[in-house]
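Protein chains: 2
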Amino acid sequence: MKYCSNCSATVVLMIPEGDSLPRYVCSTCNIIHYQNPKMVVGCIPEWEDKILLCKRAIEPRKGWWTLPAGFMENNETLAQAAARETLEEANARVEIGDLYAVYSLPHISQVYFIFRAKLLDLDFKPGIESLEVKLVSEQEMPWEEMAFRVIHDPLKHYFKERNQGKFDLHVDVINKAQNAP
Amino acid sequence: MKYCSNCSATVVLMIPEGDSLPRYVCSTCNIIHYQNPKMVVGCIPEWEDKILLCKRAIEPRKGWWTLPAGFMENNETLAQAAARETLEEANARVEIGDLYAVYSLPHISQVYFIFRAKLLDLDFKPGIESLEVKLVSEQEMPWEEMAFRVIHDPLKHYFKERNQGKFDLHVDVINKAQNAP
Ligand SMILES: [Zn+2]
Ligand SMILES: [Zn+2]
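Sequence lines, in order, name chains A and B.
The numbering used here applies: residue 1 is where the first sequence begins, and numbers increase by one.
The numbering used here applies: residue 1 is where the second sequence begins, and numbers increase by one.
It should be emphasised that the hints constitute simulated quantities derived from the structure, not laboratory data.
Remember, predicted model here, so these are calculated numbers, not experimental data.
Here a beta-carbon is modelled for each residue, glycine too, at the ideal position from N, C-alpha and C.
Hints are supplied without guarantee of correctness; some may be wrong.
Keeping only pairs whose Cα atoms sit at most 27 angstroms apart, straight-line, the calculated DSS-like set for lysine-lysine is [claimed, not checked]:
no., chain 1, residue 1, chain 2, residue 2
1, B, LYS176, B, LYS118
2, B, LYS160, A, LYS166
3, A, LYS38, A, LYS176
4, A, LYS50, A, LYS160
5, B, LYS50, B, LYS176
6, A, LYS176, B, LYS38
7, A, LYS38, B, LYS176
8, B, LYS166, A, LYS166
9, A, LYS2, B, LYS118
10, A, LYS38, B, LYS125
11, A, LYS2, B, LYS38
12, A, LYS176, A, LYS160
13, A, LYS55, A, LYS2
14, B, LYS38, B, LYS2
15, B, LYS156, B, LYS134
16, B, LYS160, B, LYS2
17, B, LYS176, B, LYS156
18, A, LYS166, A, LYS176
19, A, LYS62, A, LYS156
20, A, LYS50, A, LYS2
21, A, LYS134, A, LYS55
22, B, LYS166, A, LYS160
23, B, LYS176, B, LYS160
24, A, LYS38, B, LYS166
25, A, LYS156, A, LYS118
26, A, LYS166, A, LYS62
27, A, LYS2, A, LYS166
Computed Cβ-Cβ distance ranges for the label pairs, DEER-style [said to hold, decoys possible]:
no., chain 1, residue 1, chain 2, residue 2, range
28, A, LYS160, B, LYS125, 44 to 50 angstroms
29, A, GLU17, B, LYS176, 31 to 37 angstroms
30, B, LYS176, A, LEU87, 53 to 59 angstroms
Some chain A residues judged to face chain B by a derived CB distance under 7 angstroms, without partners named [claimed, not checked]:
no., residue
31, LYS38
32, ASN75
33, PRO106
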């Protein structure tokens, strides 16, 4: 950030009075431009014993597998964001179920939210950000080709707990050193 | 948003190619300035059969009661944010426990996260954003003076479930029409 989005003057990085962290503050209109972490929301679309995966058509990790997930928009709920992303990336309709995983990624200032979901029909096809969309069983999971650890890890929990017959919420942290897939 | 924070040219509100929502796009450097919902993170600090409440020293709802909670910062985890806000608003040290409530407020593009937490000592006092900080039992709860429905409702669940001996995660939505305290 170099310029004030309110008045176009230059901003300076400084700790405002009464604050404890440096912020971008406008040199002219004095507005403080706070920067906040972003939410990434997705789901595990379930159909019988399979789940729906997407092969990424975009960088980073183009050609690797992931769940339908993306940045939450203003004026929607977490569940609406998860359903919208699934429609956009896999042209798939889902009924969003329980929240299953909440992972903080502090090094990139993101928090991931993964819901369980019921896939409502088989009329799915790749959206513009996907090369391929397919249903896979546990035996068919491409564990070595998963794009992101923040997707890989909840899915490991998911299949283990599905076999045990009980799902628990996972609240966890992935730090930089661990984030390589 | 009127000006580009990257180059100071004017921005225009338009739907970028391949997108479906209007965004602020720079008329000169073409950067798209996305706007995303914000996370508010707090906790229920527990001490024996009491919890710690804060009386707000700032608007909105100055003089009304709430839990320690505030906007999540970049480069922290959800649990770190909850502990930091509790230290800032109540000068209180807590050990953050289970995630207890996740409420989407789509009309103001916020998502609230409330953890259960263990208060570690009784050496608390009001921070700069609080007029008063005190431990209250269920019988002493100022239900009619709670600042926000998004705090009031999880606390109603909390005391009910505490009496029943089992806590469950609450994922819910508060819409505009319901948001008045
Ligand atoms: Zn300015
Ligand atoms: Zn620009």
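Against the structure, the hints come out as follows:
In summary, the hint linking LYS176 of chain B to LYS118 of chain B is not supported, as the alpha carbons are separated by about 32 angstroms, beyond the 27 angstroms threshold. A threshold of 27 angstroms between alpha carbons decides the hint, and for LYS160 of chain B with LYS166 of chain A the separation of about 24 angstroms falls inside it, so the pair holds. Annotation: proposed proximity of LYS38 of chain A to LYS176 of chain A holds, straight-line Cα distance about 16 angstroms (limit 27 angstroms). Proximity of LYS50 of chain A to LYS160 of chain A is assessed by CA-CA distance (about 14 angstroms); at most 27 angstroms being required, the pair is judged to hold.
The straight-line distance between the Cα atoms of LYS50 of chain B and LYS176 of chain B is roughly 31 angstroms, outside the 27 angstroms bound, and the hint therefore fails. Between LYS176 of chain A and LYS38 of chain B, the direct Cα distance comes to roughly 22 angstroms. Compliance with the 27 angstroms bound is thereby established for this hinted pair. Annotation: proposed proximity of LYS38 of chain A to LYS176 of chain B holds, straight-line Cα distance about 22 angstroms (limit 27 angstroms). Pair hint LYS166 of chain B plus LYS166 of chain A holds up; C-alpha atoms about 17 angstroms apart against a cutoff of 27 angstroms.
The hinted pair formed by LYS2 of chain A and LYS118 of chain B fails the criterion: a straight-line CA distance of about 42 angstroms is larger than 27 angstroms. Simply put, LYS38 of chain A and LYS125 of chain B have alpha-carbon atoms about 32 angstroms apart, too far for the 27 angstroms limit, and the pair is violated. With a CA separation close to 22 angstroms, the supplied pair LYS2 of chain A and LYS38 of chain B stays within the 27 angstroms bound. Between the alpha carbons of LYS176 of chain A and LYS160 of chain A the distance comes to roughly 25 angstroms, so the proposed pair stays at or under 27 angstroms and holds.
Between the alpha carbons of LYS55 of chain A and LYS2 of chain A the distance comes to roughly 36 angstroms, so the proposed pair goes past 27 angstroms and is violated. With a CA separation close to 21 angstroms, the supplied pair LYS38 of chain B and LYS2 of chain B stays within the 27 angstroms bound. Proposed proximity of LYS156 of chain B and LYS134 of chain B is supported: the alpha carbons are some 18 angstroms apart, at most 27 angstroms. Simply put, LYS160 of chain B and LYS2 of chain B have alpha-carbon atoms about 48 angstroms apart, too far for the 27 angstroms limit, and the pair is violated.
Distance check on the hinted pair: LYS176 of chain B and LYS156 of chain B sit about 20 angstroms apart at the alpha-carbon level, within 27 angstroms; holds. Among the hinted pairs, LYS166 of chain A with LYS176 of chain A is inconsistent with the structure: their alpha-carbon atoms are about 30 angstroms apart, more than 27 angstroms. With a C-alpha separation of about 22 angstroms, the suggested pairing of LYS62 of chain A with LYS156 of chain A holds against the 27 angstroms cut-off. A threshold of 27 angstroms between alpha carbons decides the hint, and for LYS50 of chain A with LYS2 of chain A the separation of about 48 angstroms lies outside it, so the pair is violated.
A distance of roughly 9 angstroms separates the Cα atoms of LYS134 of chain A and LYS55 of chain A; the hinted pair therefore holds under the 27 angstroms criterion. Taking the CA atoms of LYS166 of chain B and LYS160 of chain A, the gap is near 24 angstroms; set against the 27 angstroms cutoff, the hint holds. Note on LYS176 of chain B and LYS160 of chain B: the hinted pairing holds, with a Cα-Cα distance of about 25 angstroms set against a maximum of 27 angstroms. A distance of roughly 32 angstroms separates the Cα atoms of LYS38 of chain A and LYS166 of chain B; the hinted pair therefore is violated under the 27 angstroms criterion.
For the proposed pair LYS156 of chain A and LYS118 of chain A, the alpha carbon gap of about 19 angstroms is at most 27 angstroms, so the pair holds. For the hint pairing LYS166 of chain A with LYS62 of chain A, the CA-to-CA distance comes to about 33 angstroms; that exceeds 27 angstroms, so the pair is violated. Proximity of LYS2 of chain A to LYS166 of chain A is assessed by CA-CA distance (about 50 angstroms); at most 27 angstroms being required, the pair is judged violated. Taking 44 to 50 angstroms as the suggested C-beta distance range, the pair LYS160 of chain A and LYS125 of chain B conforms, at roughly 46 angstroms.
Evaluation of the 31 to 37 angstroms hint for GLU17 of chain A and LYS176 of chain B yields a pass: the beta carbon distance comes to about 34 angstroms. The supplied range of 53 to 59 angstroms is broken by LYS176 of chain B and LEU87 of chain A, whose beta-carbon atoms lie about 25 angstroms from each other. With a cut of 7 angstroms, the hint placing LYS38 of chain A at the interface with chain B holds, because the nearest CB-to-CB distance is about 5 angstroms. Because the closest C-beta pair between ASN75 of chain A and chain B is about 5 angstroms apart, less than 7 angstroms, the hint holds.
The beta carbon of PRO106 of chain A is positioned within 7 angstroms of a beta carbon in chain B (closest approach about 5 angstroms), and the interface hint is therefore held.
Hints 1, 5, 9, 10, 13, 16, 18, 20, 24, 26, 27 and 30 from the list above are not met by this structure, while the remaining hints are.
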